[in-house]
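Engineer: Residue numbers (the numbering used here), protein chains in the order written: chain P, 256 to 486; chain U, 256 to 486.
Honestly, the hints are just simulated from the structure, not real lab data. Among the clues, some could well be false.
For identical chains, the list gives no copy identity; a pair is met inside one copy or between any two copies.
[To be verified] Each computed EDC-like pair below joins lysine to aspartate or glutamate, with the alpha-carbon atoms no more than 16 Å apart:
no., residue 1, residue 2
1, Lys418, Asp445
2, Lys436, Glu485
3, Lys436, Glu301
4, Lys436, Asp360
5, Lys418, Asp481
6, Lys418, Asp448
7, Lys436, Asp411
8, Lys436, Glu286
9, Lys418, Asp300
10, Lys436, Asp389
These numbers were taken from a predicted model, which means no experiment stands behind them.
There are 2 protein chains.
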Amino acid sequence: MPDTASQQPTAPEAAAGYEPTERTVPTRSRERAAYDREVVHSILDEAYVCHLGFVRDGAPVVLPTLFGRVGDRLYVHGSTGSRPLREAGRTDPGLPVCLTVTHVDGLVLARSAFHHSINYRSVVVHGIAHTVTDPQERRAALDAIVDHVVPGRSADSRPADEKELAATAVVRLDLREVSAKIRTGGPDDDPRDLALPHWAGVVPLARGYVAPLPADNLDPAIGVPDYITEL
Amino acid sequence: MPDTASQQPTAPEAAAGYEPTERTVPTRSRERAAYDREVVHSILDEAYVCHLGFVRDGAPVVLPTLFGRVGDRLYVHGSTGSRPLREAGRTDPGLPVCLTVTHVDGLVLARSAFHHSINYRSVVVHGIAHTVTDPQERRAALDAIVDHVVPGRSADSRPADEKELAATAVVRLDLREVSAKIRTGGPDDDPRDLALPHWAGVVPLARGYVAPLPADNLDPAIGVPDYITEL
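Make the full structure from the sequences, and use the hints.
Structural biologist: See the structure below:
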């Protein structure tokens, strides 16, 4: 578990952690919350997709999407025709969003149904998404999104041309109001349940990479690059 | 890819699929959308957590949570003290939510940065969440949530007692306005890029189960049950 002492950073420590707000302090299991920058970044960087929430016609919408991170800025991209990206572009001063990533690290089996749980690491980011218009920032963001999927890949692919760039909207969300939540360890059974005859423990989960499948039309002379075999 | 002919079910086929609505027909990549009941259920059932979106003070909130399915009803649970569950209970006629699950099945590497993608299966459910008060439905929902994590587990654990039940809120979301979205296959490179010297293909991902870790205080005479080794 991360050091919860960082939850209320004083001035000299502020750079190491995000400042908790009413929205980022959970009502339950506060000991699971973390605001440490490195912890937040590592959880974000390990996720292939985020779940992006926004409000449309008064109702919530949650869509999975790729994303990238550059320092304290997150980027998502999409077709200029996609609804949320159009809305982020049109709305002044931007589109209120909530961006969440979650890793399921294990299934927690307790003797009691009540104490069943999962081990997980999640990050929730609240903020306002803005369309990025600066050409240099847009290019850096698109590289970050590709490199988020496979580190090092943007340098080994054809960069977007002007037509592709024109068709792509890039939206930025700054990491300011953000928190992580982490559960680790075994089941928290009640003492009265310990003698029950049910198996208790954790079934850990891990991400598995399967052997890469070359495209049908790939030149057989092109081998699998190291940045893929090292995943 | 699922049969897109089921997207506009006529009366005799209606039972097999969910009816598309304005919210469940994507603005892009419509060929990836699916409304088949079995496809939607299988994607939901394979996910350990969903991302539940709702609106608080005009802003979106997206939180990961366990869930269970009984036929065309989804259930989430939580402490009666948790904010979204309180809101679903207080609000008449319920709390507008969007519940989304996503599986990342592979990393899709194209020659061009623009055509990078992932293979995925997602389900998005729109609807109104209601607090469940019927005791029998509440018990069935809690069993479904435990069995969603490990099928068969609810029968091999101590059921919730009255005190635990009183502390647990159960919320229901009916599967009505729902769609799946699926991408499979290799990269869609432009013909002009096929001769570029970049590796292209798919890196498939798979969920891995690691050997179960018994709780420290587990009686060593209790072996790992079949329903866990069969995961």
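Engineer: Starting from the hint list further up, note which numbers the structure goes against and sort them upward.
Structural biologist: 2, 5, 7, 9, 10
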